[in-house]
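In terms of the numbering used here, the sequence shown opens at residue 1 and continues consecutively.
These aren't lab readings, by the way, just hints derived from the structure by calculation.
Some hints here could point you the wrong way.
[As the list claims (entries may be wrong)] Heads up, simulated EDC-like pairs for lysine to aspartate or glutamate below, C-alpha to C-alpha not over 16 Å straight-line:
hint, residue 1, residue 2
1, 41, 166
2, 45, 167
3, 176, 44
4, 176, 122
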Amino acid sequence: MKSKLMSLAVVAVFVALAIFFAVSVVVSKEGMTNAAGDRVKRGEKLVMMGGCNDCHSPKKYNAQGPYPDATRLLSGHPHTVQVPDIPAGVITPNGWAAITNADFTAWAGPWGISYAANLTPDNVTGIGAWNEQVFINAMRTGKHMGAGRPILPPMPRQALGQLSDEDLKDIFAYLKSLPPVSNQVPPPVPPAAH
Numbered sequence: 001m002k003s004k005l006m007s008l009a010v011v012a013v014f015v016a017l018a019i020f021f022a023v024s025v026v027v028s029k030e031g032m033t034n035a036a037g038d039r040v041k042r043g044e045k046l047v048m049m050g051g052c053n054d055c056h057s058p059k060k061y062n063a064q065g066p067y068p069d070a071t072r073l074l075s076g077h078p079h080t081v082q083v084p085d086i087p088a089g090v091i092t093p094n095g096w097a098a099i100t101n102a103d104f105t106a107w108a109g110p111w112g113i114s115y116a117a118n119l120t121p122d123n124v125t126g127i128g129a130w131n132e133q134v135f136i137n138a139m140r141t142g143k144h145m146g147a148g149r150p151i152l153p154p155m156p157r158q159a160l161g162q163l164s165d166e167d168l169k170d171i172f173a174y175l176k177s178l179p180p181v182s183n184q185v186p187p188p189v190p191p192a193a194h
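Work out the full structure, taking the sequences as your base and the hints as a guide.
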C-alpha cells in the first residue's frame with residue numbers, strides 16, 4: 001500500500017512538473033514574442049530617426065517633394081536606374097563636393113560613386129544571409145559584412161558605430177522584419193573610373 005502511494009506521489013510530482021514546464025514554455029515564448037515585437041518597433045523608430053530611408057529607399061514625388069516608395073522600402077539604389085555622367089572638374093580630389101541622383105540613392109564625391117545598399121532581408125541581394133553579429137561588425141568596422149570593402153559616404157558609419165549593441169540589434173531586427181525586395185545594387189565605382 002505504501003509503495004502504491006509512493007508511486008502515485010512520484011507520478012503526481014512528475015505530472016505537476018510537466019504542467020509547470022509546459023506553462024513556463026508558453027509564457028516564455030509569449031514573452032519572447034513580445035520582446036521581439038518591441039525590438040522591431042524600437043528598431044523601426046531608430047531607422048526613422050536615423051534617416052535611413054533618405055538614402056536607402058527609392059522615392060516617389062508629390063507636391064510636397066520626395067517620399068519613400070513604400071513598395072521598395074530600404075531596398076537601396078534601383079538596379080534599373082543609371083547614374084548620369086558627372087561633368088569633368090565638378091568633383092576634384094582636393095576639393096569636396098557631392099552630387100546625388102533624384103532618388104538620393106546614388107552619391108558621387110571624391111570617394112567615387114557609392115550606391116545605397118539593399119537593407120531588406122532578400123537572401124541574394126539584401127541582408128537576408130547576414131546574422132546579427134555580421135551586421136554589428138559592419139557598423140563597428142565600417143566595412144561591408146564587417147570585413148569587406150569600406151562602407152562609403154554618405155553612410156554615417158562613424159555615428160552608427162557608436163550605437164550600443166542593443167540599438168544595433170533592434171535596427172537589425174526591424175530590417176529583418178521587412179518584406180524582402182530583390183534588387184541587386186551596383187558595386188561602388190572608384191574615383192578614377194568616373
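Does residue 44 lie within 16 Å of residue 176 when you go C-alpha to C-alpha? Holds, at roughly 11 Å.
For the pair supplied as a hint, residue 41 and residue 166, confirm whether the alpha-carbon distance does not exceed 16 Å. holds (13 Å)
Residue 176 and residue 122: Cα distance at most 16 Å? Holds, at about 9 Å.
Below or equal to 16 Å on CA atoms is what counts here, so check residue 45 against residue 167. holds (10 Å)
Checked against the numbered hints given earlier, this structure breaks none of them.
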